[in-house]
Amino acid sequence: MWKSVVDRLNRNEKLWQQHCIADFPQTYETARNKSRPGLSWYNLYRSLSLWTSLVKAAEEREEFALATKSFQEIRNFKILNNGVIGVLKKGCIVYYDIETLELSQRPPMMGDYAKYTETDTVIVILGTDAHLIVIRKVERTVKEGWDDRSISYNNVKQFTLTGEELYFVNRNNDVFVVYLCCRKLHAFYILRSLRTVMTIGYSDGKLNILTVQREIYSVETGNTCVMKAILDANTNVIQQLQKFQFLENMDWRLYFQCMCIWNQAVPTGPLQDMVSVRQHGDVFFVGSYWGVLRIYYAPFTDDEFDIFNKRPIKQYNFIDSGDRRLSICPILNVDVMEENDGHKVIIAMPCKITVINFKHNFKTEVPRRYKGPMLAEIPEHEEIDLNAPSTSRG
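For the sequence shown, full-length UniProt numbering gives the first residue as 1, with consecutive numbering after it.
DSSO-like, lysine-lysine: derived pairs with alpha carbons at most 27 Å apart:
#, residue 1, residue 2
1, K69, K115
2, K78, K137
3, K56, K310
4, K352, K314
5, K137, K184
6, K78, K206
7, K90, K352
8, K143, K184
9, K184, K206
10, K115, K243
11, K184, K115
12, K157, K78
13, K228, K243
14, K310, K359
15, K359, K14
16, K115, K90
Distance windows between CB atoms, simulated:
#, residue 1, residue 2, range
17, E139, R61, 33 to 41 Å
18, C182, K228, 27 to 35 Å
19, R106, E73, 19 to 27 Å
Read the hints as simulated data drawn from the structure, not as lab findings. Given the structure is predicted, the values throughout are model-derived calculations rather than measurements. Where a beta carbon is used, it is the ideal one built from N, C-alpha and C, also for glycine.
Construct the complete structure from the given sequences, taking the supplied hints into account.
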């Protein structure tokens, strides 16, 4: 009987989808899109719950996309939702099978690009010459009957892609948006920032702008720019950057220079050389200029983001002491693919991409955050409604 009950619970995708949405509202959608192809909602919930037990997980490492020549230098990567990972190299974008870590059958895209992102419907590329290229994929274009497949813009310095909207800023600090689901591709002018734009982010349905003059603005209804904060001496700067979603687009070397210019107290310690910060729910990955990756779980103090005063739960040094060619090894990007009872953490450096496979033993690691249906909570003779809505809370 119990096996039948457990099997029915495990197979109820609607039930586990509800629990994922309730307990991981900020993470579930992105995690679902990047998860192993075919991963059920039940297994996704288990995997997301097990981050609290990361220190107990077994580890295995793999490497791929090794760069032995300058033109093979890695700049970034993107996990796609079809079991493929796109790797941005100095001279092209190359695609790998995420399971075998071998080259996929998809042909590479040649060109010298500074920044790249991709979804199942669009590819966005920023060239080293500040030329922004937007390409809609053939399948979606044909299905929707759209007129334009691609469009490009010059003198672009920043962009961020969120859902079906692409925001970008040019060198004149003009801000534009491209609605990717429109029949014709067109950049709609939003506003001109009177201040020099340092970076942009997107949160709560609004575009956020951080200026070199340490001001944070949000674009409100009617394309009006409303000041939200000034990063002065009384401000928790890193908390504001996290709140307005600036962490992933931030140039951290410029950030520390600006901290000095703004007369802010520059944090001491090993995080002074950080070059990348990536968030995955309550987990934060901080990469350094010298090849050190630190993993933090819920690094908050009084509900404020505080990585400078927290200890990482995991730390790795990816510089090979036997390789004299590597004096520096910046961590360029980190991303996560959720799997059955584990996580695949992918780390990009100029010379290689390293994969850390974390595997949990779910029988011995019941995570503290687990709020899904527990067998012990089900009376033996109680009738179970597997289609009842979830009452779990985040």
